[in-house]
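Protein chains: 2
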Amino acid sequence: MPKRHVYLHMKSLEEAQGLFFSAFNFDGYLKTETVPTTEALNRVTAKPIFARFSSPAFHCAAMDGYAVDARLTFGASLERPKELLVNKEVFAVNTGYPLPENTNAVIMIEDVVEDKDRIIIRKAVYPWQNVRKVGEDIVATELVLPPCHCVTPYDIGALLEGGIFEIEVKQRPKVVIIPTGNEIVPIEKVPPQGLKKGEVVESNSWMLRALLAQYGAICEKWPVVPDDYDLIKQTILKAASSDAHIVVILAGSSAGSKDYTASALEELGEVLVHGVSIMPGKPTILAKVNHKPVIGNPGYPVSAAISFEQFVRPLISKMLGIVFENPRKVKVFPARPLPSKLGIEEFLRVKLGRVGDKIVATPLPRAAGAITTLTKAHGVIRIPKQSEGINEDEEVEAELLVPEEEILNTIVIIGSHDLTIDLLASELKKKSPFLNISASNVGSLGGLMAIKKGKAHLAGSHLFDPETGVYNLTYIDRYLKDVSVKVVNLVIRHQGLIVPKGNPKGIKGIRDLTRSDITMVNRQQGAGTRILLDYKLKQLGINPEIINGYEHEEFSHMAVAVDVLSGRADVGLGIYAAARALGLDFIPIAVEEYDLIIAERFWEDSKIETILEVINSKAFKEKVLEMGGYDVSKTGTIKR
Amino acid sequence: MPKRHVYLHMKSLEEAQGLFFSAFNFDGYLKTETVPTTEALNRVTAKPIFARFSSPAFHCAAMDGYAVDARLTFGASLERPKELLVNKEVFAVNTGYPLPENTNAVIMIEDVVEDKDRIIIRKAVYPWQNVRKVGEDIVATELVLPPCHCVTPYDIGALLEGGIFEIEVKQRPKVVIIPTGNEIVPIEKVPPQGLKKGEVVESNSWMLRALLAQYGAICEKWPVVPDDYDLIKQTILKAASSDAHIVVILAGSSAGSKDYTASALEELGEVLVHGVSIMPGKPTILAKVNHKPVIGNPGYPVSAAISFEQFVRPLISKMLGIVFENPRKVKVFPARPLPSKLGIEEFLRVKLGRVGDKIVATPLPRAAGAITTLTKAHGVIRIPKQSEGINEDEEVEAELLVPEEEILNTIVIIGSHDLTIDLLASELKKKSPFLNISASNVGSLGGLMAIKKGKAHLAGSHLFDPETGVYNLTYIDRYLKDVSVKVVNLVIRHQGLIVPKGNPKGIKGIRDLTRSDITMVNRQQGAGTRILLDYKLKQLGINPEIINGYEHEEFSHMAVAVDVLSGRADVGLGIYAAARALGLDFIPIAVEEYDLIIAERFWEDSKIETILEVINSKAFKEKVLEMGGYDVSKTGTIKR
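Respectively, the protein sequence lines represent chains R and U.
For the first sequence, the residue numbers in the numbering used here are 625 to 1264.
For the second sequence, the residue numbers in the numbering used here are 625 to 1264.
It is worth saying that the hints were derived from the structure and are not from the lab.
If you're wondering where the values come from, they're calculated on a predicted model, not measured in any experiment.
Check before you lean on any hint, since a few could be wrong.
Note: identical chains are not told apart, hence a pair may lie in one copy or across any two.
[To be verified] Straight line, CA to CA, 20 Å or less: simulated EDC-like cross-link-like pairs of lysine to aspartate or glutamate:
1) K706 <-> D867
2) K747 <-> E707
3) K955 <-> E1028
4) K798 <-> D1209
5) K953 <-> E1030
6) K1105 <-> E844
7) K1000 <-> E766
8) K813 <-> E790
9) K798 <-> E663
10) K1000 <-> E1021
11) K953 <-> D981
12) K1055 <-> E1246
13) K845 <-> E812
14) K912 <-> D1046
15) K953 <-> E1028
16) K1110 <-> E1029
17) K671 <-> D1046
18) K862 <-> D851
19) K813 <-> E663
With these hints in hand, go ahead and build the complete structure from the sequences.
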C-alpha cells in the first residue's frame, strides 16, 4: 500500500532541475529518421548536412539584358556609342539564364537601345559584371546546416537549392501522458446537461498535449486510469517500457491518500524530487524509471502548466539539442503591492498595459485551480524564493505570454467592477480586434487613486455623495486635484439585494439585513456599492455591527452573487446583471450612475477614441439593455 | 502581347503596404468553421465564446484533509484540542472532492492527528476555508474567449473546463502559390546526377509554403507553369476564381521579356503597385483580381522571402484579425562600416555575437540570389531609405531571426579565412550543440584590429614577418600593444597556386604570374595570403604591376577558387583545401602557421574553453588531416 507523502524534502526550482536533468544522458537518446526536406520545417538536424549541387550550378545572368564577351564593350562611351549584333555578339538573356558560350558579362537592359538586329551601348561592362558565378551561393560539398539545428523555411530553400531532397533528423520526442483519477471524465463521455457532482472534465491532458505540440514533441494520450494503486503502477511501468521518451502522470502527485504516483514510482525506479518550492506547481514529482524521465504532474491546471513548462519543456530541448527561446521580458510596475510567501518562488499571473511611459501589471487571482488566470494573463512575474513580495513602486520583470504589441494595445481600466466592462471588452474586440481591455476591480476610490498615480487610462466609478446627491464629480474634486480628467457616463444601473432563487428567507429590503437568521456578504471598503450600503444603513439608522457577515468582504458583484448562490451568504448588495447571470433573485434598492473617469492626457489617444465610439454605438447600448437592470439614457454623455 | 515594364512608379514600402492593404475589405473575408476544442490550437476565434458549465461545478475541497461544518471546530486551540468523529462530524476528502452534505470547510491533513475513528485538531477553521466554491474559476455564461483571439494551450484547458467542446473559428487563409518559368524543375523530376545547364530546382515555393505554415495559413502549391503568356494569364484567373484567399505568382515579376505577370494582372484586374523600393524584394507586384489580393513574388530567394514577409504575412494577420508578433530587436554595433544605397530600404542580413557588453553585427553578402545569407543570418538590419549606410561606431537595431540566447552562445571570429574554421564550427556544434560560431573574413590584419576594438573573441591570423621569419607574434607586438592576448595555433597549412583541373596553362610557380596569357585573382590588402604573395614577389624581384589581374581582389580562399573554377582567372594563391573542394589543381608554394589570437579577457569564458577543447580533440585533428593540405603538429599549442 502507498505511503502518505509530505514534502519533507522539497527542493528549490534550480535544485530540482539540476537533479532531474543530470540524471539522464541525452546524447543519442533520440533515434534519427529521414524525412523529405519539404516536410522538415521545425525538425532538428541529426548530422551536419553538406550540399550535393552548387548553386548556381552554372554561370548565369544576374540581370535582364544582353550577354556579351566584355572585351567587345571596351571603349563604349556617351560620345562613342558602340553597336553590337544581336545573336552574334550579344544574346538576350533574362535573370537566371545561363550565359551563352563565349560570353562573360551581361549588359543591363536599362543601358541598351534596341534597334532591330543590333543594340547600341554607351558604357562598357567588365568581365563577370552582372553575372552570378557557379557556387556563388552554395558550393557543392559545403556545409549547409550543422547538426542540432532547427530547420527554418529559409533552410528548406537552401537545402533544395543544394540538391538535398531528404535529410536525417532527430525523432520527435514522444511523451506519454497518463491521466489518473476516478473523478476525471473524458470529454466524449460528458452528457449534454453537464457532469454529476464530483465529476470533472478531462482537460489538463489536452492542454499539455497542445503545449507539447508547441515544443515539437509528439503526445500519446493514454486513457484515464482510475485510482487503483496496482493499475497505476502497471500503467507507469508499461509506459516506461514503451517507446516513449518521457512519461507524464497527471494528478496523483499531491499528498492525499489517493495519491499513488510517488509510491508507485519509488517501487518502480527512483524518485529524484518530490515537491518543488514553486507556487503553483509544488506537488511535482520527478523520477527515473527504466532510464527514462517520469514526471508526476500536479492536478490543478495552473500548477500543471507551470510544472510542465519548468520540467518537460527543458527536457525536450535537451533531448533535441536545441535552445528554446526564453519568454520575452519587460519591466513593469505593479498596480498595487504584491505580497508573496517567503521560501516559495511564485509565478504570479498579471495583466499588462502601457499607461504613458509605464507598463502596469495588475495581478490576477493566485488560485492554482483557476485556469482563467493563465488565459487572461499577459505575463508572469516571478517573485523569487527569498522575497516577501513587491512594493508598489518597485520596477520588476514580467515574462510575456502575449506579443508585446498586445500590451501597447491594452486599455487599462482600474476601479469599480461592472459587468458592462466585460461587454465593452467584447464589443471593442469586434470593432477593433487588435485592442483589448485589462480591467481590475479595486473599487471606485481605488480607481481614482490609480488615475492619480498614472497607472490607469480609465477608472470605473460610482461614488455617491450623500451631501450633494451627485455621483463621482465631488470625489474627483477632492481626490484628483492635480490631474485633469474627463468624465463619461457608461451606464445607469440598478443596485439591489441579491438573494437565492425564490427568496427563501423572504427578504424585502435593507432592514432585513439585521435579522439574526440572515448572513450577508459585503463589498470591500472604497467600493461604490459599499458606500451606497453604508449610506442606506445610515439613512435607516442601522448600526452595521449588528449585521451578520457585514465584515465579510468580496471584491466584485459576481463574487457576491457566487456567495449567495453557494449558500455562503443569504444576501448581498449588487447589480441586477450579476443576479441574473447566476439565476438569482433581485430586490431593487437604488439607481446609480456608473461613470468612466479618463485622464485627459489620453483623451485623444486613438484607443480611447475607439472605446468611446463603442460606448456610443447602438449595438453596445442594445446589449447593455438586454442584460437587464441598466438604463442607457446617459450612456456616452460627457459629464465633464 | 505583354509590355516590357520598367519601375517608373516604384513605391516605398509604407506606400506600397498602404495602397495594397486598403484595397480590400477584410471584414468577413474569411468564412468560419467549427472545430473540436482539442484541435483548436493556434486557430482564431470567430465569435465571443461563453462558458456552458461553471468550474468548479460544485463546492470542492481545495486541500487534502477532512471536510467539516466550520462551527464544530470553533474553540479548538493548542491548549484545548478538539476531537471530531470521522464519518459523522468530519469526512476525509482529497483535493477536488465535492464537499459532503452539511460541511462548509476543510481541515488540512497537516493540521490533523488521526486516531482510529476520530481526529484531533488544535486550530479552528472558518466557513469556506480551503474550499473552492462553485464558479470560482469560470461562471457559466461568462466570456471565456473574445473574438479574433488566437487559441493557446491554456485556452484549450479553459474551454474544456467551461464545457465548450467545439468552437467556431475563422477558416485558415488559403494561399495558392503558382510557380512559373521554363527553367524550374520540380524536385521529383531532378535526376540524381543533377540538372541540365539552365535548369533550376523548384525551391522558392517550398520555402514560402513553410513560411505560410508559420503564419497559420494553408498553402496550395500549383504545378509549375511554363513561360507562356496565355497559360499564365489563364492560371491566375483560375486561381483568383477559386476558393483561394490570396494568390501568389512566383518569379515573372522582374522587367524581363518573359515576365508576363504584370501584363497579365493588368488585363485581369488592377495592378496597385509594381516595384517597391526595398532591397532585396524590389520587383514585387501587388494587384487585385476578382476582389482578391494577387501578388507577383520576385524570383531571387531572398527577395522572395522578404517580399512575402512584408506583404503576405500582414495580409494574413489582417484577414485573421490578430496581431502577429514583430521580430525581437536588439541594439548592435556593425563589425565594419555598412554603406547602403540612398532611396532604397535595405534588409541587410547579419551575423550577431555578444563580445563583452557589445553585440557585434557582421554583414553577410548582399546578393539577393544567395539564400544562405538568410540561413546563416542571426538578424536583419533595416537601413532606411534616407540613409547612405551605417558608421562603424553607430549603434543600430537588428531584428532577430534566432532566439536571443543563440547570440549569447555565439563565438565571434573575425580575421583571415580558413576552411578549418567551418570544420571547427561543425565539430563545436557536435560537442556543444548550443554554441555556434560567427566567422567573418576581413583578412589577418582586420582580425587584429577587431580584437583591438573589442569586436571579436578570436581572430584568425597568418601574418608572416619576413624580417624575423615568425608568424603573427611580431604583428601582435606592433598592433595590439594595449590588449592582452593569447595565441593558439589552429593549423599549419599549405599555401599554393590554385589552377584549373589538369593545369591547362602549365603553371609551375610564382614566376608564371607575369606571363601575358595568364590572369590571376588576388586577395585583399591585409590578408595574410596577400602578404605572403607580396613577399614571394619581392624575393623574386617581380613588379606586381606587370601581373594581369593583380588588382582584382577577393575576400576568401573559396572566392579565389571559384574564380579559377569559373574561368574568371587562371590562377590564384590560396590553400589546398579550397582547391580540393572544387576539384582544382594545386601547386604548393609555402607552409604557414595559421593561429587564433584570443583576447585574454575571454580566455576563461566557457565558450572559449569549449572551443579550445575541440581544437585539441583527436576528432578535429583527424578531420583536418582528411581535408588535405594541413599539418596538425602544432594544433592547440599555446604559443603565447
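Hints versus structure:
1. K706 <-> D867: Intra 74 Å, inter 53 Å, cutoff 20 Å: neither.
2. K747 <-> E707: within (11 Å within a copy, 106 Å between copies)
3. K955 <-> E1028: both (12 Å within a copy, 17 Å between copies)
4. K798 <-> D1209: neither (52 Å within a copy, 50 Å between copies)
5. K953 <-> E1030: both (14 Å within a copy, 16 Å between copies)
6. K1105 <-> E844: neither (62 Å within a copy, 62 Å between copies)
7. K1000 <-> E766: between (49 Å within a copy, 13 Å between copies)
8. K813 <-> E790: between (43 Å within a copy, 14 Å between copies)
9. K798 <-> E663: both (19 Å within a copy, 18 Å between copies)
10. K1000 <-> E1021: This pair counts as within: shortest intra-copy Cα distance 18 Å, inter-copy 32 Å.
11. K953 <-> D981: Answer is both; intra-copy 16 Å and inter-copy 19 Å each pass.
12. K1055 <-> E1246: Answer is within; shortest intra-copy Cα gap is 15 Å, inter-copy 66 Å.
13. K845 <-> E812: Within one copy, since 14 Å is at most 20 Å while 36 Å is not.
14. K912 <-> D1046: This pair counts as neither: shortest intra-copy Cα distance 47 Å, inter-copy 39 Å.
15. K953 <-> E1028: The answer is both: 9 Å in one copy and 12 Å across copies each meet 20 Å.
16. K1110 <-> E1029: neither (27 Å within a copy, 46 Å between copies)
17. K671 <-> D1046: between (53 Å within a copy, 14 Å between copies)
18. K862 <-> D851: within (17 Å within a copy, 59 Å between copies)
19. K813 <-> E663: between (36 Å within a copy, 18 Å between copies)
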